[in-house]
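*Asks:* Those protein sequences? They're chains A and B, same order as listed.
According to this note's numbering, the first sequence is numbered sequentially starting from 1.
According to this note's numbering, the second sequence is numbered sequentially starting from 1001.
Please keep in mind that the hints were generated in silico from the structure rather than gathered at the bench.
As the structure is a prediction and not an experimental result, all values here were calculated from the model.
Among these hints, one or two may not hold up.
Claimed, not checked - Chain B is faced by these chain A residues, among others (derived, beta-carbon under 8 angstroms): (1) PRO57; (2) LYS58; (3) PRO73; (4) PHE74; (5) THR78; (6) ALA92; (7) THR93; (8) ASN99; (9) LYS101; (10) ALA119; (11) HIS120; (12) ARG284.
Backbone N, C-alpha and C fix where the C-beta goes; we use that ideal spot for every residue, glycine too.
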Amino acid sequence: MTDIKKPVYLEEKLEEVTQSGRLEYRSKSLPTWCPGCGYFSIVEGMTAALNRLQVQPKDTVVVTGIGCASRFPFFVNTYGFHTLHGRALPVATGIKVANEKLTVIAVGGDGDAFAIGGAHIPHAARRNVDMTYVLFVIVIYGLTKGQTSPTSVLGFKTGTSPYENQDAPLNPLMMLLSYGAGWVGQAYAGHPHHLADMIHQAIAHRGFSYLHVLSPCVTFDKTTKTYKNLGVMVRDLPEDHDDSDQMAAMGEAARTEAPAMGVFYQKDRPTLGDGLQEIVKRARGTRTAGKRRAARQAAE
Amino acid sequence: MSRKRKPVTDIQIAICGSAGDGTIAAGDILKRAMARAGYKVIAFDLYPAEIRGFGKCIARTRITANQVYSMKQKSDVLISLDDSHAIPHVDEVCDYGAIIYEDNPMSKVEEGGHISGHAAPAHIPYGIPFREMSERATGSARSRNMVAVGYIAGLYGMPQKIFHEIVTAKFKGKAAVVTTGNIAAFDAGYEAGAATIRLDFGVLESRSRRRGKADLVMMNGNAATVRGCLDAGIETFFGYPITPATSIMEILAAEMPKTGGRLVQTEDEISAVAAAIGAGYTGARSATATSGPGLALMTEMLGLGTIAEVPSVIFVSQRGGPSTGMPTKTEQSDLNLAVFGVAGDGQRIVLAPTNVEGCYKCAGKAFEMAEQYQTPVIVLLDLYLSNRYEAVAFPEKNPFVRKCSKGVSRRGTGSPYSRYAITDDWVSPRAVPGTEGCQHAITGLEHDVFGRPNDQAHVHEMMSRKRHEKLEAAINHPDITISKRFGDRGKVDVGLLGWGSTFGEILEAMFVAQKEGIKCAAMKVVMLSPFPKPAVVPYLDDCAEVLVPELNYEGQFADLVTSATGRPVNRLNRVPGTPMRVDEILAEIRRLADGAKQMAAE
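In isolation and in its complexed conformation, chain A is listed as follows (with noise of 0.2 angstroms):
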């Protein structure tokens, strides 16, 4: 799984993202991320796989709350809505079912999705509202320097938690294919270009797809979730994984010390777009049917 096979040269890679055409996807605002910060991977990889889908960048909005992963809309060339603290996906919604024609992508850490924000993932997933919800784990709150989130390992200390952390971690994987998400996926950030092919392949889903990044806080996790140790911990899906098995996908997604990369789930559904074409039918057929029976009744 190493990235890096031969030297690279600067001006070899230049030409070759010049090329590519994702810059088109690039803003010319400079991230404000920790240098080192996985962040930087997840820009790269969504780039990379708007380029790869030709999603015109006119017709994508990336949705934000509150944290870290917030300041994303302003570093991408496409419309954005940073929004508040935990309300990423219902903003996203409003924003799909006004007009399905864009493609939504929903991005936050672990406290913005699954401490303020916990109420409304279910909900989102079981619409199936068709968008992606990259989610960005750094079990720890960057933005306010270095507090425990709801992913937080036990005994971790940081500066709400100086007698460690005394509360066990949530299994945001678990949850979200028990809520019935139609595509569940792992990456980590230190797998870029893997990460790209899953960002792809979550856009690619129609439906709501959720994508879990493993990544280390750089400066605020010296200890339990840093490059060196999620390296070590990171593993791939067992070859013979069958996507389709939700059991199957709960099976993995509990092994906790050693976190699975690639696509725990996928199941096709109708999405709430087609649900709310779905009702526009009905009252419209109900109409006409009305409208026949008044002619009928006047012929008669």
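For chain A, the structure is supplied; the task is to place chain B on it using the hints.
*Replies:* Below, chain B alone, put in the same frame as chain A:
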């Protein structure tokens, strides 16, 4: 009133029963039939928070020849379908008014348990065997309510055929036997009523069926709000059920898809307003509806709408508070939350209609304003207005403008696109997602003209000014009444100032005061934010005393007036959970008028 003048139709009928008796349904048929017969009708139902559980229901209907603005203090007729609930309301029947009740109860009645023992000497009792008549007509006691409606219709000689039409329409879609049964019960009651000699409790002049060009439609505030939404071209709605706003969502759920609209029931009020703002960002006309507790949850998101300059419309039907408060009781105590409820400087537009027709107008105009001024707009209703029925004439031509967004011209595009460009009217040209070459991000952070986060002093000062200044134009928004003066012109002794549903009671009190010879006027203020100072200040100048009656404990509107104009006002605050009493307003007007006269004499 002089004796020679011909008496004018003004009858108020109260039907009182237990939840499940069909009380509200009976009132519904009565008010719809009388509206179709060409009368002016105002109706307001009172019902318990519980669906069953034998709570008290009262359906009051006021039927008049001329336009009136509120319910009467006293009813002319009280129909009791349940004596235990109706006995406390015997007092509300006027002298020489009628009390109609079951005179053949199924079981033995405890001492004092029958309403006939509570009637005053001036009341005219009509004991009717409702149950027996219903059983004879339909084979079941369930149609007692229809026998009662039939009886009152027969007593007054109301047009029987119109009642048949209304009953047929009401039960359309159900088994035919439901309609025929209800009509049979109605007719049985009608026959008995018509054969009874009626003593004096109001006259009912006959009306021509249609008056004027437009048809009068019997509608409550929530239904009128929906009609305003539909006429304004609402495209998306996101909501969460809450009394008394729920029926807005229910009617929209049935109506919106017929024109391709999309409605989603969200997981909470926060998501409802979040999705409405998300949809507003794409350029769609979007709304949500809630009550006070829901608005409390929405305030953070409304602040985002303000700073990111995204249009959305929020309907808020107030109920008794704070907290869960009194879900099925009316109050006007969410003004502060609607006008000021936000973190930081977050001015927004707040409209508060005063009657059912106003609900229609404000609802439609709210979409125009949200789009034109790029901001959230709150339309503040209350339970009394949401559930009050009035006969309304809607305009034949759709009065709302479909597209008010300040679009981006060719020259406006380019990189980077200035989403928040400073212009003469402080409103920036707005590109929505899908527009080529205008990609940008919007944010809840303070930002520069490009929408990029920026917290420098001059940027925050400029943007704060932009967000406030652009709203000032709203007080001159075309074709909507922002404020209006009624009553005597020029200088007056007492000037009433009111908002929301209470303005009906204010007007009624003013008319009586005028007849008593008090120089008196009344002004309604429909736009609460931004406050229409140019109209209100000259009015205050004309009034020796200003009286602000409202249904909250602190005088929230009085505070708003005083803080906006720097003028002191007299307050009349009541929190009964029911509409303001006209006689209490009147007493206050008299007291202030006396004081004003004495001052003038000194």
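*Asks:* The structure should be examined with respect to each hint, and the outcome stated for every one.
*Replies:* How the hints compare with the structure:
no.: 1; hint: PRO57; verdict: 5 angstroms, holds
no.: 2; hint: LYS58; verdict: 5 angstroms, holds
no.: 3; hint: PRO73; verdict: 4 angstroms, holds
no.: 4; hint: PHE74; verdict: 5 angstroms, holds
no.: 5; hint: THR78; verdict: 6 angstroms, holds
no.: 6; hint: ALA92; verdict: 6 angstroms, holds
no.: 7; hint: THR93; verdict: 5 angstroms, holds
no.: 8; hint: ASN99; verdict: 4 angstroms, holds
no.: 9; hint: LYS101; verdict: 7 angstroms, holds
no.: 10; hint: ALA119; verdict: 6 angstroms, holds
no.: 11; hint: HIS120; verdict: 6 angstroms, holds
no.: 12; hint: ARG284; verdict: 6 angstroms, holds
The structure is consistent with each of the numbered hints, conforming to all of them.
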